[in-house]
Amino acid sequence: MPDVTTAIAYPGTCLFEGTTLSVGRGTASPFLTLGAPGLDATRWVGELNNAGLPGCLFREDWFTPGFEVAKGQLCHGLQLAITERQSFDPLLTGVTMLQTVLKISESPIWRKSGSTFDILAGSNTLRSQLSQGLSPPDILTSWKPDEAEFTQQRRSFLLY
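With this note's numbering, letter number 42 in the sequence shown gets 44, and the count goes up by one each step, no holes.
Rather than coming from a laboratory, the hints here were simulated on the basis of the structure.
Heads up, some of the hints might be wrong.
As the list claims (entries may be wrong) - Under the rule of at most 30 Å between Cα atoms (straight-line distance), these lysine-lysine pairs were calculated in the DSBU-like manner:
| # | residue 1 | residue 2 |
| --- | --- | --- |
| 1 | 146 | 105 |
| 2 | 73 | 105 |
| 3 | 73 | 114 |
As the list claims (entries may be wrong) - Cβ-Cβ distance ranges computed for the label pairs, FRET-style:
| # | residue 1 | residue 2 | range |
| --- | --- | --- | --- |
| 4 | 93 | 27 | 37 to 43 Å |
| 5 | 152 | 27 | 43 to 49 Å |
| 6 | 148 | 105 | 24 to 30 Å |
Cβ coordinates follow ideal geometry from the N, Cα and C atoms, glycine included.
Based on the provided sequences and hints, a complete structural model is requested.
Here it is as structure tokens:
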């Protein structure tokens, strides 16, 4: 991971490792550069910039990944720029990016029938919610009970 900005975006963009899109491995900005050969990134960037996501913007990009998905192939994609770190929400952004690429993609985006994505997401719930067309805010709200339970369970393990 080359810099702090990548680490900030990673909790949302790492989910793309379970898709047929490149996460920009081998570029100067992995996990901030995403795309695939033949993807209509102009439309994807437009959808995302119109989504009103806080603390970020998207710009169209062409890149050639050096590793893994689409290695050595020219990809049409985007670059994620974090413009205001305090308001940026990596999970809302990542889920919205997934929702919009599903909307514009002409081919399936899940690797290995979704199993790789499900491992990254912790279960098949997120993939199912995206397939059902739930909005990203509704998806994140559905996670609140589990977050509260985890917060309670971890309390006895905190040292400070």
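Cross-check of the supplied hints:
no.	hint	result
1	146 to 105	holds, 26 Å
2	73 to 105	holds, 24 Å
3	73 to 114	holds, 18 Å
4	93 to 27: 37 to 43 Å	violated, 21 Å
5	152 to 27: 43 to 49 Å	violated, 30 Å
6	148 to 105: 24 to 30 Å	holds, 26 Å
Hint compliance for this structure: hints 4, 5 are broken, all remaining hints hold.
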